[in-house]
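Student: The whole structure should be built from the sequences, with the hints applied where relevant.
By the numbering used here, the letter at position 4 of the sequence shown is numbered 4, and the numbering carries on one by one without gaps.
Don't read these hints as lab results, they were simulated from the structure. These numbers were taken from a predicted model, which means no experiment stands behind them. Please note: incorrect hints may appear among the correct ones.
To be verified - Quick list of simulated restraints, FRET-style, between CB atoms:
no. : residue 1 : residue 2 : range
1   : 76        : 110       : 25 to 31 Å
2   : 56        : 87        : 21 to 27 Å
3   : 114       : 40        : 17 to 23 Å
4   : 104       : 76        : 26 to 32 Å
5   : 21        : 70        : 20 to 26 Å
6   : 99        : 78        : 29 to 35 Å
7   : 99        : 22        : 22 to 28 Å
Here a beta-carbon is modelled for each residue, glycine too, at the ideal position from N, C-alpha and C.
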Amino acid sequence: KVKQYDAFKGDYVKGENFSSESLSPNVLAQHGIQLLMERECSFFFPAGIVGILCIGTKVIFTFLQISQSHYHLIRGKGKVDKTSKATISYTRPYDYMDARDRTEILEAFFWFGQVQSNPKEFT
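Tutor: Take a look at the structure:
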């Protein structure tokens with residue numbers, strides 16, 4: 001069974017001041033796990049995995065970097081030692097209701113499409 005969490009910490013319900021820091025740690029952890037599950041399907045594998053958080057009208061692009069050994073520890077033991085480390089980087093929140101942000105979101109999607117269509121050019 002997959003647990004679902006409220007996206008925001010505490011009583012945070014408005015998106016005007018949205019940031020990744022306002023997200024529940026459980027949501028960030030769940031997103032990290034989902035990125036790991038998509039790992040081998042990523043066109044950026046093994047360098048990393050691209051993801052997207054969509055909450056309301058806000059979009060945050062994410063990028064998980066994890067070593068092969070760290071991944072195998074998680075997969076094999078279900079946990080890692082304190083020397084292993086993975087990093088999830090976040091963009092600023094883009095609001096798809098804002099025309100300028102929407103243009104940047106579309107540019108990213110077109111670039112992802114280019115990578116997907118021509119993976120040898122980007123490896």
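Student: Mind checking the hinted window 22 to 28 Å against the Cβ distance between residue 99 and residue 22?
Tutor: This hint holds: roughly 24 Å between Cβ atoms.
Student: Does the Cβ pair residue 114, residue 40 satisfy 17 to 23 Å?
Tutor: Since residue 114 and residue 40 have Cβ atoms about 21 Å apart, the given range 17 to 23 Å holds.
Student: Take the C-beta atom of residue 76 and the C-beta atom of residue 110, compute their distance, and say whether it sits inside 25 to 31 Å.
Tutor: For residue 110 against residue 76, whose Cβ atoms are near 38 Å apart, the range 25 to 31 Å is violated.
Student: Is it true that residue 104 and residue 76 lie within 26 to 32 Å of each other by Cβ?
Tutor: Hint violated: Cβ distance 39 Å, outside 26 to 32 Å.
Student: Confirm or reject the claim that residue 99 and residue 78 have a C-beta distance inside 29 to 35 Å.
Tutor: violated, 45 Å
Student: Do the Cβ positions of residue 56 and residue 87 conform to the proposed distance bound of 21 to 27 Å?
Tutor: holds, 26 Å
Student: Okay, residue 21 versus residue 70 on CB: inside 20 to 26 Å?
Tutor: The hint (20 to 26 Å, Cβ to Cβ) holds, given that residue 21 and residue 70 are roughly 24 Å apart.
Consistency note: the structure conflicts with the earlier hints numbered 1, 4, 6.
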